[in-house]
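Undergrad: This is what each chain is made of:
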Amino acid sequence: MLLAVIIILIIIMTACELVNYYKSKQLKTAVIYTVILLILLTSAVIIEFGIKFPDPMDLVQKIVTFITGDKEIQ
Amino acid sequence: MCNQIITRKHTIALIFTFLLGSSLVMRVGGSAGRDAWLAILIGMVMTLPMLIVYSRILSLFPGKGLYEIIFTSLGRFFGGVLVFLYVLYSFHLGTLVMCDFSDFVKIVGLYETPKFVTALFLGLLCIWAVKAGIEVIARWTAITMPIMVSVILLITLLLIPKFNFDNLRPVLYNGMQPVLEAAFSVFSFPFAESVVCLAIFSYVKSGSKPLTIFMWSILAGTLILLVTTVRSLLVLGEEFVKLNFFASYASARLIKIGDFLERIEVLVAIVILIGGFVKISICLLTAAKGIADLANIRDYGQFAAPLGILMALYSVVLFESTVEIFIWSEKVYQYYALPFQVLFPLIIWIAAEIKAKKMIQGKAKRR
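Read top to bottom, the protein sequences are chains A and B. Residue numbers for the first sequence, in this note's numbering: 1 to 74. Residue numbers for the second sequence, in this note's numbering: 1 to 367.
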């Protein structure tokens, strides 16, 4: 369901905003916008299909545990 | 977007609501137990030196926001790296707040509704606000802030009959160590999070003193935080506050006057959501503004939609449970946020002082 909602939202955003940026030749905006939409789509696919991906927050927690020695965090 | 100007009063309201944002829903200084009020006071005092640093950075380049100052003082490359890190921090903070609020809504009201639905609607509202611009958010905050404060005070007044002052005693029973740890936590969440607000200072009316703005908002924020924390402790007691994720909301549920005034906690939920909406909007705005500044684009509102949806998506998968959110915010967050709240501002301050001095010397030579 999540992926479907995100795809619909991406289509709406492309139709309402991205196309206009390309048409009005705001290429820098259009490229950055496209990159963010691609990140959005990739993230949605990863989440929907449960693909294992290293979580940056786990790394932060490990570093903090190492510094503080607080095992409750894990 | 660039011609928008917000007044001093609006900025104070904005930072005040930003500070209260998720502190009303999450317990603040909870690890200090019944001494949480003391942790809040110490946390506020700990924040004062950093507020002076933030204000000094802004005073050196009047009319400029954090990102412009970073670029001016550190150059395009190093400045760009730092701005990118701040964009990530703002984005992550917005995602964390969105996660807190969608969890809050799920637990207290919409049990069957998927978390993503709540986060998405909250995200859409914030996108709308950011697209409308900082001026609209600031004016809206100025209108809702008195309502928020009135509701908090009204709830406190109605709960006075249920106050049990024994819940606050004995003071410092476990010593000073847990209080200081909690004060450090309070310093990073919510007080020093105001570093995110530095980016909006390019829209603040010229002639406004940043230190005055920060002081008023922090003082008012501390007062309201103290009121809500002490109220929860007096009504529920230390143990129940520790067990309950949303203590402020739980204490309001106890209000019952006669047979006609009950279930008043809805008011608290509305106030909490107003605070959350403002905080997420500011985080989204500063993240979008950072990306726009990195690419030399004037209109930050163009990136609000994809970033807002991305925030909503990540807020669903950030934590597996509410317990994880509390462990993160009480045990990990303060260390994670330390570079953004203390280290980087100190670097920016030193670089800005050097740059400002060079600029003054350059001007004097030309004369």
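Please note that a few of the clues may not be correct.
Restricting the straight-line Cα-Cα distance to at most 20 Å, the calculated cross-link-like pairs of lysine to aspartate or glutamate (EDC-like) are [to be verified]:
(1) K28(A) x D299(B)
(2) K115(B) x E17(A)
(3) K25(A) x E324(B)
(4) K331(B) x D55(A)
(5) K28(A) x E17(A)
(6) K131(B) x E17(A)
(7) K331(B) x D58(A)
(8) K106(B) x E265(B)
(9) K205(B) x E135(B)
(10) K52(A) x E135(B)
(11) K363(B) x E353(B)
(12) K62(A) x E324(B)
Since the hints were derived computationally from the structure, they do not count as laboratory data.
Undergrad: Now tell me if each hint is right for this structure.
TA: Hints versus structure:
1. K28(A) x D299(B): Holds, at roughly 12 Å.
2. K115(B) x E17(A): violated, 27 Å
3. K25(A) x E324(B): violated, 45 Å
4. K331(B) x D55(A): holds, 18 Å
5. K28(A) x E17(A): The given pair, whose Cα atoms are some 14 Å apart, holds under the 20 Å limit.
6. K131(B) x E17(A): Holds, at roughly 12 Å.
7. K331(B) x D58(A): Since the Cα atoms of K331(B) and D58(A) sit roughly 13 Å apart, the hinted pair holds (cutoff 20 Å).
8. K106(B) x E265(B): Roughly 15 Å separates the two Cα atoms, so the pair holds.
9. K205(B) x E135(B): OK: K205(B) and E135(B) at ~11 Å, within 20 Å.
10. K52(A) x E135(B): violated, 42 Å
11. K363(B) x E353(B): Measuring from Cα to Cα gives roughly 15 Å; hence the hint holds.
12. K62(A) x E324(B): It holds: about 14 Å lies between the C-alpha atoms, which stays within 20 Å.
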